[in-house]
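*Asks:* Sequence:
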Amino acid sequence: MRIALYDDGCLGVVQGGRVFDASAALEALPKRAKPWLATRGDWLIANLVALKPAIEGALPGAASKPVGEAKFLSPVQQPSKIIGVPVNYHEHVAEAEADVQTFSDRFRGSIEQQGFFLKAVSALVGPSEGITLRFPDRRNDHEMELGVVMGRTVSNIGVEEALSAVAGYAIALDMVVRGPEDRSLRKSGDSYAVLGPWLVTADEIENAEALDFSLHVNGELRQASNTKNMIMKLAEQIAYASRFYTLYPGDIIMTGTCEGVGPVKPGDIITCRIENIADMSVTIHPTYAEAAST
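Here the sequence shown stands for residues 1 to 294, numbered as in the UniProt record's numbering.
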């Protein structure tokens with residue numbers, strides 16, 4: 001199933017190039033007993049399996065529109081954290097180390113030596129919202145990745161069980177502004193974590209570690225690889241992350257980017273594709289400084 005949130009927050013199912021409004025199924029979503037208390041994780045994702053019959057039941061006769069006419073939000077709205085996996089493709093490791101303008105020795109070493117990093121939850125947007133560059137005078141780069149969305153709460157989960165805790169997969173754009181600051185800070189600007197255009201449930205993906213993916217900017221191919229080329233595999237990523245913190249439903253793991261990382265500017269259109277998931281276009285909007293002056 002391809003689950004989407006679109007337009008003004010409608011719950012949708014994508015089938016045959018159209019998105020069907022399944023919002024009626026939300027009536028079956030369990031009510032939170034004390035909604036004023038913080039809930040760790042995304043409530044919709046946490047209840048997605050239980051909600052599936054209601055979603056399927058809402059589809060006959062549901063209103064629909066072509067996917068090209070829908071404004072897609074992030075399919076996850078309330079993750080407790082967005083986890084980033086650094087240097088997870090060999091070619092990108094070489095590319096990063098060769099860029100003397102942006103590479104720092106503190107990022108040298110294996111993934112286990114560096115550890116994962118976190119992006120601010122406030123950075124999360126859907127593809128239709130686009131990206132607004134935070135620092136127009138600095139280099140802002142695209143990093144395309146497979147996004148893994150957790151489906152249940154786990155801590156210290158083993159590698160053998162890890163993939164059973166995945167709700168689904170989506171396209172992820174891990175944007176970064178280059179500079180001397182800590183990596184998590186430079187990757188956490190508003191709109192610097194794009195997820196979408198929808199969530200493909202894990203049962204729809206036979207092997208998430210054998211997916212071709214590519215990124216174009218204004219039609220120019222920048223990035224292309226296959227998830228089989230990851231250094232740290234998906235189950236290992238989940239298990240490793242869960243050693244340090246509990247993973248909750250809706251938590252997002254951005255699983256690392258391949259070579260071809262490059263800068264973008266206002267007006268650029270980034271087009272991403274992951275095999276068996278989706279095609280996704282994202283516009284780079286005028287910078288904050290430019291927007292404020294108009």
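No wet-lab data here; the hints were simulated from the structure. Beta carbons: idealized from backbone N, C-alpha and C, even for Gly. Be careful, since some hints might not be right.
The list that follows gives simulated cross-link-like pairs (lysine to aspartate or glutamate, EDC-like), each with its CA atoms no further than 20 Å apart [said to hold, decoys possible]: (1) Lys233 / Asp203; (2) Lys233 / Asp268; (3) Lys71 / Glu91; (4) Lys65 / Asp279.
Quick list of the computed label-pair ranges, beta carbon to beta carbon [said to hold, decoys possible]: (5) Gly115 / Glu161: 18 to 24 Å; (6) Glu161 / Asp137: 33 to 39 Å; (7) Asn229 / Asp203: 41 to 47 Å; (8) Asp190 / Lys31: 39 to 45 Å; (9) Leu118 / Gln15: 30 to 36 Å; (10) Ser110 / Asn276: 41 to 47 Å; (11) Asp190 / Thr246: 25 to 31 Å; (12) Gly57 / Asp182: 30 to 36 Å; (13) Pro30 / Asp190: 29 to 35 Å; (14) Ala24 / Val159: 38 to 44 Å; (15) Val49 / Glu209: 30 to 36 Å.
*Asks:* Now look at each hint and say whether the structure bears it out.
*Replies:* Cross-check of the supplied hints:
| no. | hint | verdict |
| --- | --- | --- |
| 1 | Lys233 / Asp203 | holds (18 Å) |
| 2 | Lys233 / Asp268 | violated (32 Å) |
| 3 | Lys71 / Glu91 | violated (34 Å) |
| 4 | Lys65 / Asp279 | holds (17 Å) |
| 5 | Gly115 / Glu161: 18 to 24 Å | holds (22 Å) |
| 6 | Glu161 / Asp137: 33 to 39 Å | violated (47 Å) |
| 7 | Asn229 / Asp203: 41 to 47 Å | violated (24 Å) |
| 8 | Asp190 / Lys31: 39 to 45 Å | violated (31 Å) |
| 9 | Leu118 / Gln15: 30 to 36 Å | holds (35 Å) |
| 10 | Ser110 / Asn276: 41 to 47 Å | violated (30 Å) |
| 11 | Asp190 / Thr246: 25 to 31 Å | holds (26 Å) |
| 12 | Gly57 / Asp182: 30 to 36 Å | violated (48 Å) |
| 13 | Pro30 / Asp190: 29 to 35 Å | holds (31 Å) |
| 14 | Ala24 / Val159: 38 to 44 Å | holds (39 Å) |
| 15 | Val49 / Glu209: 30 to 36 Å | violated (23 Å) |
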